[in-house]
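**Q** Please put together the full structure from these sequences, using the hints given.
Chains as they are written, first to last, in numbering that gives the first Met the number 0: chain A, 0 to 248; chain B, 0 to 248.
Worth double-checking, as some hints may not be accurate.
[What the hints assert, rightly or not] Distance windows between CB atoms, simulated: (1) B:Lys25 with A:Glu221: 50 to 56 Å; (2) A:Gly55 with B:Lys23: 37 to 43 Å; (3) B:Cys72 with A:Gly220: 46 to 52 Å.
[As the list claims (entries may be wrong)] Short derived list, chain A residues pointing at chain B, Cβ under 10 Å: (4) Arg85; (5) Asn86; (6) Ala89; (7) Pro117; (8) Thr118; (9) Gly119; (10) Gly129; (11) Phe131; (12) Leu132; (13) Ile136; (14) Val168; (15) Ala170; (16) Gly172; (17) Cys183; (18) Gly184; (19) Pro226.
Quick caveat, the hints were computed from the structure, so don't treat them as lab data. For every residue, glycine included, the Cβ atom is placed at its ideal position computed from N, Cα and C.
There are 2 protein chains.
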Amino acid sequence: MEKLIEKAREIVEEIDKKIRSDDKNKFGEFIGMGADGTPTNYIDKIAEDIALKIIGKEGNILSEECGFIDNGCEYTFVIDPIDGTRNAIAGIPFYGVSVAIGKEKLKDVSYGIVKNIPTGEIFEAIAGKGAFLNKKIIRVKKRNKPFLCLVLGESGNEKTWRISNKHHVRAMGAAALEMCLVACGAAQAYFMGKKSLRVTDFAAASLIVEEAGGIVRDEDGEELDLPLDLKVRSGVIAGCDEEILKVLI
Amino acid sequence: MEKLIEKAREIVEEIDKKIRSDDKNKFGEFIGMGADGTPTNYIDKIAEDIALKIIGKEGNILSEECGFIDNGCEYTFVIDPIDGTRNAIAGIPFYGVSVAIGKEKLKDVSYGIVKNIPTGEIFEAIAGKGAFLNKKIIRVKKRNKPFLCLVLGESGNEKTWRISNKHHVRAMGAAALEMCLVACGAAQAYFMGKKSLRVTDFAAASLIVEEAGGIVRDEDGEELDLPLDLKVRSGVIAGCDEEILKVLI
Numbered sequence: 000m001e002k003l004i005e006k007a008r009e010i011v012e013e014i015d016k017k018i019r020s021d022d023k024n025k026f027g028e029f030i031g032m033g034a035d036g037t038p039t040n041y042i043d044k045i046a047e048d049i050a051l052k053i054i055g056k057e058g059n060i061l062s063e064e065c066g067f068i069d070n071g072c073e074y075t076f077v078i079d080p081i082d083g084t085r086n087a088i089a090g091i092p093f094y095g096v097s098v099a100i101g102k103e104k105l106k107d108v109s110y111g112i113v114k115n116i117p118t119g120e121i122f123e124a125i126a127g128k129g130a131f132l133n134k135k136i137i138r139v140k141k142r143n144k145p146f147l148c149l150v151l152g153e154s155g156n157e158k159t160w161r162i163s164n165k166h167h168v169r170a171m172g173a174a175a176l177e178m179c180l181v182a183c184g185a186a187q188a189y190f191m192g193k194k195s196l197r198v199t200d201f202a203a204a205s206l207i208v209e210e211a212g213g214i215v216r217d218e219d220g221e222e223l224d225l226p227l228d229l230k231v232r233s234g235v236i237a238g239c240d241e242e243i244l245k246v247l248i
Numbered sequence: 000m001e002k003l004i005e006k007a008r009e010i011v012e013e014i015d016k017k018i019r020s021d022d023k024n025k026f027g028e029f030i031g032m033g034a035d036g037t038p039t040n041y042i043d044k045i046a047e048d049i050a051l052k053i054i055g056k057e058g059n060i061l062s063e064e065c066g067f068i069d070n071g072c073e074y075t076f077v078i079d080p081i082d083g084t085r086n087a088i089a090g091i092p093f094y095g096v097s098v099a100i101g102k103e104k105l106k107d108v109s110y111g112i113v114k115n116i117p118t119g120e121i122f123e124a125i126a127g128k129g130a131f132l133n134k135k136i137i138r139v140k141k142r143n144k145p146f147l148c149l150v151l152g153e154s155g156n157e158k159t160w161r162i163s164n165k166h167h168v169r170a171m172g173a174a175a176l177e178m179c180l181v182a183c184g185a186a187q188a189y190f191m192g193k194k195s196l197r198v199t200d201f202a203a204a205s206l207i208v209e210e211a212g213g214i215v216r217d218e219d220g221e222e223l224d225l226p227l228d229l230k231v232r233s234g235v236i237a238g239c240d241e242e243i244l245k246v247l248i
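**A** In structure tokens, the structure reads:
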């Protein structure tokens, strides 16, 4: 497992290096359709190619563009090569890389790493050993004041927007990084109310939130578990505690 | 003027250095009430103190905590020591410093600088000479596709949230930096629909947007001009062009 974790860290660093040095005008070029049925942009492709090369045959791979690659291994790398692709293409400085290591479903993910490329912040978690930001342990933070700060996914539904009248709302446009903001106590909740996310989007961040003491649920507040399969989509709530569900649902 | 611009740049760099090195747990401590009638936090105070020290008697000063300081000079520094205070306190990596140099009203601001502290990006504009990101010239960008990307202020009204059904929306929580995202073409519009912003919040960014070829208006799409005075509040639309007003208003 330690060797696989080193590979995950290497993927994140190599993608970070490539994205920082590459021509940003090419990021949005259309390359083709990905295995998840959404268009693949140049930036997604070059990032995923780096991951595939580093993993080789030493793990199975689930990623948005290539789909599932079965290398007959015990562990599967669950990858979002670019979290917040639209931000990266546009030039909004909030996007990153997300890599998780699991077996067959979300609940058996045992390692997760998410890096914010523009700031260099690295979020990590190992099942049972805690969550970390730049190697320092992090915990969710509860707030009782009205400035309870919510971070919503970009396509919040009407109800979620109405929450903005009572609480402070951010919509940053990169699911994994937004969930990590809950993990480190910067925000109290992340809410994607639509069934639009795939396990590749939140596998790493879910472990990071839970290891930081928070909760991860589906859009109805129910337990969130799903197979490592691109065809399944879900909404996601990540929160500092159970109480937050009463505000959101 | 060149000497004053150097002072503005020095303010931005010194505040950046202080904020990066200081104890982040202290950022949210309540210090007292500012001249603008809102609470002053530790982070606002230490940032403003740096600005006051650098300017000395070589310019008048308008800033949120100290109000207007008349040093009998021709030029006034219009400062938001921390743009996105709540983000900085919470740990959301999108906040900065904003400094403008003007005389009596928004329209005669002749220099503006905004720095994103977590990423290090520096936006600058000199009246009649263009707008720059990290010293490279920037221009607004028009998009006709449905992925027209809007960046709204955190307290968007109901209509602005409804825009999110047709366009991509971000709410990043730092007005000056969000306006700069319009200037560099990352977003097509910034919209703060409520009369909640002061000239200190947008003096620098307004010049940056206009010098990048964009438009800056009040929340009704009317010309935006106001005295360098903390008592006046306004909504703000910054856009890539006039067309965008039809979508927003």
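**Q** All hints, please: hold or fail.
**A** Cross-check of the supplied hints:
1. B:Lys25 with A:Glu221: 50 to 56 Å: Distance hint for lysine 25 of chain B, glutamate 221 of chain A is violated at roughly 40 Å.
2. A:Gly55 with B:Lys23: 37 to 43 Å: Since glycine 55 of chain A and lysine 23 of chain B have Cβ atoms about 40 Å apart, the given range 37 to 43 Å holds.
3. B:Cys72 with A:Gly220: 46 to 52 Å: Because 58 Å falls outside the window, the suggested range is violated.
4. Arg85: holds, 6 Å
5. Asn86: holds, 8 Å
6. Ala89: Alanine 89 of chain A check passes; min Cβ-Cβ to chain B is 5 Å, inside 10 Å.
7. Pro117: Holds: closest Cβ of chain B sits about 5 Å from proline 117 of chain A, inside 10 Å.
8. Thr118: holds, 5 Å
9. Gly119: For glycine 119 of chain A, the interface hint holds, since the closest Cβ of chain B sits about 9 Å away, which is under 10 Å.
10. Gly129: With Cβ-Cβ at 18 Å, over 10 Å, it is violated.
11. Phe131: Given a least distance of 14 Å, the restraint on phenylalanine 131 of chain A is violated.
12. Leu132: holds, 9 Å
13. Ile136: Violated, about 14 Å.
14. Val168: Result: holds, 6 Å to nearest chain B Cβ.
15. Ala170: It holds, given that the least Cβ distance between alanine 170 of chain A and chain B is near 4 Å, below 10 Å.
16. Gly172: holds, 5 Å
17. Cys183: holds, 6 Å
18. Gly184: holds, 7 Å
19. Pro226: Violated - the Cβ of proline 226 of chain A stays beyond 10 Å from chain B, reaching only about 29 Å at its closest.
Of the numbered hints listed earlier, those contradicted by the structure are 1, 3, 10, 11, 13, 19.
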